[in-house]
Amino acid sequence: MNRILVCHSLWKGNETESFLKRLISGDEKWITYDNTVRKRSWSKGKHVPQTIAKLGLTCNKLTLYVWWDWKGIIRHELLPPGKTINPDLYCQQLMRFKQTVEQKWPELEGCGFAP
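For our numbering, add 702 to where a residue sits in the sequence shown, where the first one is 1.
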C-alpha cells in the first residue's frame, strides 16, 4: 500500500474515532548544569581586586525522561547523577509508566495496553 493511501485512510479514520488522542510518546534529554559558586573579592580604595581562577569548566549532567500525550506531560523521571540507563532500569521505568497510565485511564485495563 503506498504512503498516500495510508495517510488518507488514517486521516479519514481520525474523523470518526480520534486515534491521535490515544497516542503516547516519550523522549529523553540530557540536561547540563553547573553549580559553580562565585567568590567575591573586595579591595580597598584604588587597589585592583585579586582575580580568582575558575576551577574546571566541566558541567554536570542529568537525563530527563518524559512521556506525553495530546493533553500534556503524563510522567517524567530524572535519572540520578552518575547513573546510566541499562535494560533493567529501562524496564522499571516502563513499568512505573504503565502504572501511571493505568491510574489516569483505568478504562484501558484489559485492552491489551503494554509498554
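You may find that some hints are simply not true.
What the hints assert, rightly or not - List of simulated lysine-lysine pairs, DSSO-like, C-alpha gap at most 27 Å:
hint: 1; residue 1: Lys-773; residue 2: Lys-748
hint: 2; residue 1: Lys-731; residue 2: Lys-773
hint: 3; residue 1: Lys-800; residue 2: Lys-785
hint: 4; residue 1: Lys-746; residue 2: Lys-806
hint: 5; residue 1: Lys-746; residue 2: Lys-773
hint: 6; residue 1: Lys-723; residue 2: Lys-785
hint: 7; residue 1: Lys-773; residue 2: Lys-714
hint: 8; residue 1: Lys-785; residue 2: Lys-731
Please keep in mind that the hints were generated in silico from the structure rather than gathered at the bench.
Please read these numbers as outputs of a predicted model, since none were measured by experiment.
* Verify the proposed pairing of Lys-773 with Lys-714, using a straight-line Cα cut of 27 Å. => Holds, because 22 Å separates the two Cα atoms, which is no more than 27 Å.
* Is it true that the CA of Lys-800 sits at most 27 Å from the CA of Lys-785? -> Given that 27 Å is the threshold and the Cα spacing comes to 22 Å, the pair holds.
* Given the proposed pairing of Lys-731 with Lys-773, does the C-alpha separation stay at or below 27 Å? -> holds (20 Å)
* Sort out whether Lys-785 lies within 27 Å of Lys-723, counting only the CA atoms. => This hinted pair is violated, its Cα atoms lying about 34 Å apart.
* **Holds or violated: Lys-746 to Lys-806, with C-alpha atoms at most 27 Å apart** => violated (63 Å)
* Holds or violated: Lys-746 to Lys-773, with C-alpha atoms at most 27 Å apart -> violated (59 Å)
* To do: Measure nothing beyond the straight line between the CA atoms of Lys-773 and Lys-748; if it is 27 Å or shorter, mark the hint as holding.
  => Distance ~60 Å between Lys-773 and Lys-748 Cα, so the pair is violated.
* Asked: Is Lys-785 within 27 Å of Lys-731, Cα to Cα?
  -> Roughly 14 Å between the alpha carbons, so the hint for Lys-785 and Lys-731 holds.
Checked against the numbered hints above, the structure breaks hints 1, 4, 5 and 6 and satisfies the rest.
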